[in-house]
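Q: These protein sequence lines map, in sequence, to chains A and B. Heads up: the first sequence begins at 1 in our numbering, then just goes up one per residue. Heads up: the second sequence begins at 1 in our numbering, then just goes up one per residue.
For the record, the hints were derived by calculation from the structure and aren't laboratory data. A couple of the hints might just be wrong.
Unchecked claim - Some residues of chain A that are not near chain B, with every Cβ distance over 10 Å (derived):
| # | residue |
| --- | --- |
| 1 | Phe106 |
| 2 | Phe158 |
| 3 | Pro187 |
| 4 | Phe221 |
| 5 | Val225 |
| 6 | Leu318 |
| 7 | Leu321 |
| 8 | Val325 |
| 9 | Ala333 |
| 10 | Val377 |
| 11 | Arg395 |
| 12 | Leu412 |
| 13 | Gly423 |
What the hints assert, rightly or not - Here are the simulated distance ranges between beta carbons:
| # | chain 1 | residue 1 | chain 2 | residue 2 | range |
| --- | --- | --- | --- | --- | --- |
| 14 | B | Pro291 | A | Ile209 | 24 to 34 Å |
| 15 | A | Leu399 | B | Ser9 | 57 to 67 Å |
| 16 | A | Phe231 | B | Phe25 | 51 to 61 Å |
| 17 | A | Thr419 | B | Asp456 | 26 to 36 Å |
| 18 | B | His127 | A | Gly204 | 39 to 49 Å |
The beta-carbon is built from N, C-alpha and C at its ideal position, and this holds for glycine as well.
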Amino acid sequence: MKSETGFLGTLRSFPANVWSSIFRNPLPSSDLGRSQTTFSNFFLHIHPVKTHTNSLRARYTLGLGVMAFSLFLILLVSGILLMFYYVPSVEQAHNRMLDLSGTVAFGVLLRNMHRWAAHGMVAIVLLHLCRVFFTGSYRKPREFNWVVGVLLLLLTLFMSFTGYLLPWDQLAFWAITVGTAIAGYAPFVGEQVRFLLLGDRVVGQEALIRFYVLHVAVLPFFMTVLIGVHFWRIRKDGGLSRPEGSDLPEAQEKNALALQAKLEGLAPKAKLAKNKTFGVMGVVRGPFTKVGNVPDNTVSSWPYLFIAELFVFALTLLVILVLAVVLNAPLEAPADATHPPNPSKAPWYFLGLQEMVSYSAFWGGVGIPTIFVLLLVLLPYLDRGTKGVGVWFSRHRLLATTTFTTLLLVNLVLVIVGTFFRGPNWAFVVPWEKPAVSEHAPAPPAAPAAAPAGR
Amino acid sequence: MRSALAFISVVVLALHAYVFHNQFFARWQEYQQKYFKDAVAVSTNDAVKAALTARRPAIEQTIVRSFGAERVDRCQTCHIAADDPRFTKADQPLRTHPPVPGHRFETFGCTICHDGQGRAVDTEQAHGAEEWPWPLLPKELIQSNCVQCHTQPDWAGAPLVNAGRRLFFERACYTCHTIAGLSYGSIGPELSEVGRRRRWQYVKSKIENPRATNPTSTMPRQDLTDAQRMSLVAFLKAQQGAHISRAPLASFQAAQAERPKWLPLESIVGHETGAQLAAQSPAQRGAALLPKVGCLSCHKLDERDGRVGPELAYTSAQRESPWLLAHFRDPKSVVPGSLMPPYPLPDDIFDSLSAYLLSRRVPDVPAEPEKRFAALCSRCHGEKGQGNGLIAEYLDPKPRDLTKAAFMRTKTRERLVASVMNGVPGTSMAPWGKVLGGEPGAAALVDYVLAAWSKDSAAQVPKGRVIPAANLVAYAPESIARGEAIFLNRCWGCHGKKADGHGPNAEDIVPRPRNLRNAPFIASVSYARLHESIKYGVQGTAMPAAGFDFSLDDKTIGDVINYITSLTRPAPKAEPAKVAEINRTSGR
Chain A
1 MKSETGFLGT LRSFPANVWS SIFRNPLPSS DLGRSQTTFS NFFLHIHPVK
51 THTNSLRARY TLGLGVMAFS LFLILLVSGI LLMFYYVPSV EQAHNRMLDL
101 SGTVAFGVLL RNMHRWAAHG MVAIVLLHLC RVFFTGSYRK PREFNWVVGV
151 LLLLLTLFMS FTGYLLPWDQ LAFWAITVGT AIAGYAPFVG EQVRFLLLGD
201 RVVGQEALIR FYVLHVAVLP FFMTVLIGVH FWRIRKDGGL SRPEGSDLPE
251 AQEKNALALQ AKLEGLAPKA KLAKNKTFGV MGVVRGPFTK VGNVPDNTVS
301 SWPYLFIAEL FVFALTLLVI LVLAVVLNAP LEAPADATHP PNPSKAPWYF
351 LGLQEMVSYS AFWGGVGIPT IFVLLLVLLP YLDRGTKGVG VWFSRHRLLA
401 TTTFTTLLLV NLVLVIVGTF FRGPNWAFVV PWEKPAVSEH APAPPAAPAA
451 APAGR
Chain B
1 MRSALAFISV VVLALHAYVF HNQFFARWQE YQQKYFKDAV AVSTNDAVKA
51 ALTARRPAIE QTIVRSFGAE RVDRCQTCHI AADDPRFTKA DQPLRTHPPV
101 PGHRFETFGC TICHDGQGRA VDTEQAHGAE EWPWPLLPKE LIQSNCVQCH
151 TQPDWAGAPL VNAGRRLFFE RACYTCHTIA GLSYGSIGPE LSEVGRRRRW
201 QYVKSKIENP RATNPTSTMP RQDLTDAQRM SLVAFLKAQQ GAHISRAPLA
251 SFQAAQAERP KWLPLESIVG HETGAQLAAQ SPAQRGAALL PKVGCLSCHK
301 LDERDGRVGP ELAYTSAQRE SPWLLAHFRD PKSVVPGSLM PPYPLPDDIF
351 DSLSAYLLSR RVPDVPAEPE KRFAALCSRC HGEKGQGNGL IAEYLDPKPR
401 DLTKAAFMRT KTRERLVASV MNGVPGTSMA PWGKVLGGEP GAAALVDYVL
451 AAWSKDSAAQ VPKGRVIPAA NLVAYAPESI ARGEAIFLNR CWGCHGKKAD
501 GHGPNAEDIV PRPRNLRNAP FIASVSYARL HESIKYGVQG TAMPAAGFDF
551 SLDDKTIGDV INYITSLTRP APKAEPAKVA EINRTSGR
């Protein structure tokens with residue numbers, strides 16, 4: 001850039017100077033420029049400058065991780081905006097919901113987006129876990145990141161659970177009453193844990209303020225930190241998992257050229273450029289610090305990775321927006337401790353637990369879930385096999401896949417039964433049949449044709 | 001990928017446009033704009049026209065701080081023409097509110113009369129669907145909110161509430177339910193703040209069918225017209241005071257101290273009627289009071305039938321004055337399973353009522369046993385004698401199922417005739433001897449019942465039973481203790497640990513196990529019958545033959561009977577020598 005002098009020159013170059021002070025690189029046109037752009041931008045530099053082509057295969061990742069993170073961002077923004085209107089007090093909370101659903105500008109939209117994104121995040125995080133499991137990606141060296149992921153799942157559930165109480169309507173009050181009652185079934189410490197959560201023996205003002213602080217400060221903090229760790233470990237563990245052999249030069253070169261050609265709409269090149277110049281960006285690539293001059297199966301993160309991520313984000317935002325416009329978040333009558341609905345149901349993702357609790361309080365509410373979580377956490381340390389990583393439903397992992405699928409299906413069935421097939425007194429009902437008139441309630445007597453005088 | 005991204009971005013932008021449009025052109029804004037337009041059309045003043053044309057839609061709200069907790073009423077955001085008298089014929093939400101002199105919207109808001117969610121500006125939320133605690137009240141129930149301030153008794157502006165209050169007494173609701181300052185019943189739930197805690201639809205459904213939401217409710221279902229029900233609902237919706245029991249301890253105790261032994265008659269029938277009645281003879285007074293204090297809310301007399309309690313027309317041939325007075329004061333003292341609440345009324349009213357009942361001529365009864373059964377027995381025992389008559393569900397013990405031949409045919413005819421003649425003390429079975437014209441009439445009825453309903457002739461009155469005429473064991477503490485041990489080993493499963501007939505198995509047994517704490521009944525049964533029932537069982541019921549099944553000998557059965565007797569009779573005095581012996585053995 002030609003430097004200009006004098007006041008007029010300073011004025012003329014003012015916009016360019018401001019721009020270049022913020023964005024150090026012009027829009028990149030070479031591989032080096034692309035690397036520099038990624039490397040020197042605060043928001044982009046958590047990404048590697050080069051991305052393995054396998055990580056960009058939509059059918060491999062399904063974009064679930066980015067989707068979950070997008071939902072987290074949507075929740076963060078809508079949640080902070082909602083905080084401007086919410087008061088965690090039993091007298092005011094429900095009134096504030098009414099304000100949001102009518103008077104506050106965009107209040108309905110914000111509340112709907114927050115509600116549907118929260119449910120969506122629970123679902124997507126679960127699906128993300130399934131993806132990682134079915135592709136065997138938790139195996140060495142990614143064991144610890146799997147553990148971080150399981151913690152993030154638990155945090156997500158807890159975030160959603162604490163948020164469930166805040167509207168202080170009947171749905172919230174009784175779902176939390178049921179949910180915390182399940183916690184109370186834990187041996188020795190159950191009652192204490194419940195008391196610690198509620199600050200009382202029943203759900204009330206103390207519980208509301210505790211859940212509020214957990215929901216808007218404590219849990220988001222840990223979540224943000226753990227998300228950071230989760231992303232950082234992806235880099236340190238050598239990027240996303242990929243099938244064995246996808247790094248072999250012959251395969252790489254062909255794949256990379258084909259992908260590049262496809263992405264750029266160009267005719268395939270004969271060969272990748274062999275003589276590359278590596279800056280620091282090249283050194284910090286993969287799990288190890290290395291500089292190689294070998295062709296590999298990577299493409300520049302700018303633009304391929306970023307466009308893919310942006311696409312997933314936009315798609316997620318679109319779905320949440322459509323849901324928020326079409327479906328209103330439920331708001332029931334204000335919480336009333338003397339008027340329990342029958343049945344009282346926990347949030348949907350805990351209905352599997354509640355269903356199991358209806359058979360055995362301890363095993364359903366505490367025993368089985370604890371075993372399940374422990375198994376999840378310990379999984380990468382128990383399963384030390386190396387074959388079948390990076391491939392969906394690999395033949396080498398038939399036993400693991402089958403076991404996991406079975407447990408998953410059982411839980412799914414329990415959730416569905418708990419959601420749709422349980423009526424008053426937790427009795428089995430068929431959702432598409434109208435409930436029969438209770439045999440205890442005899443038909444009212446025929447009304448007298450005319451009431452006798454004097455009545 | 002890039003074109004897909006571009007497409008999605010465009011759709012997201014379009015959605016934003018939609019959302020912004022909804023935000024800035026909401027329904028209430030359309031209503032307001034329509035109002036501005038219509039108001040301009042009917043305005044004559046140019047300045048007003050200009051002002052209306054310049055006006056932009058805005059949330060209209062009233063913050064009411066003068067009445068209890070702060071209310072924010074935004075109703076006029078849609079109902080913007082409520083205080084504009086020119087829109088009396090317009091469609092809602094732009095119609096003029098009918099004038100209510102002295103009630104300015106700025107001071108009172110809207111929800112204080114109408115209920116509903118004042119904060120919402122969306123129809124569904126504001127008017128509140130049925131599950132909301134404060135859905136918009138139907139017009140006629142607004143009275144319930146009027147009387148929150150207009151507390152004068154019988155205020156003319158709330159005819160429905162006043163009619164409801166009269167029904168509350170006429171239908172005997174006051175005998176079971178407490179409403180602070182009005183009544184002191186303790187059998188049903190307190191209703192002092194039912195209007196604040198329940199939706200009117202719920203209150204109405206409970207009156208229509210008390211068992212709709214609570215299958216074990218003992219509240220009798222009242223035979224009311226819909227208008228009567230609505231007036232009761234209006235009266236109950238008006239009960240928004242605080243529960244007596246939730247008041248601070250000092251004021252609770254004060255209220256209890258002030259609690260009268262009985263309700264003044266004037267508060268039930270009104271001052272005028274009360275004064276008129278004072279001059280009349282007891283029987284006349286009773287005749288006037290009987291339908292007013294709630295008796296016919298359950299009982300049957302002449303053409304009125306509450307469909308819950310026994311018929312009163314035959315009282316003069318069945319009961320004496322002392323029995324009636326004892327029954328009025330505490331029905332459970334003579335029929336322990338009675339549903340009837342003790343009446344909070346002074347003795348002179350009970351005197352009048354019994355004078356009236358005893359002065360009535362007993363209606364003529366048909367001569368044929370068949371017609372007699374239909375006229376006298378079927379109300380409890382059912383048209384076909386199955387024990388499922390009109391009022392059977394409200395009686396305890398339940399009326400006998402006369403079709404159960406295994407029971408009926410194994411009892412002596414003399415015993416059955418005696419039950420009809422003298423009634424069964426402690427139960428709702430009244431003595432019918434006088435009505436039926438003495439023993440021949442009763443015997444004929446029993447023969448008819450046996451022939452018509454208890455047809456299984458295979459069952460026979462058992463013979464050759466060995467039963468001691470009197471207890472072989474003295475009535476003494478040790479015997480009672482032994483009897484209790486046996487009872488808690490063998491009998492409690494059905495009769496219950498308290499011997500009140502509510503053991504864990506009792507629910508599945510028909511007829512229900514006897515309540516052994518039913519003093520009038522136990523006192524009326526001979527020792528021999530108790531002994532026989534325990535030793536040989538009771539055929540046609542679930543009572544087993546303990547003398548054989550559990551190998552209880554006659555002395556052990558004597559212990560058990562001593563225990564049963566001790567439940568309803570004062571404890572025996574131990575002899576001094578024995579007391580000394582017990583003290584010695586226990587080391588005192």
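Q: Flag every earlier hint the structure violates by its number, smallest first.
A: Per hint list: 1, 6, 7, 8, 9, 14, 15, 16, 17, 18 violated.
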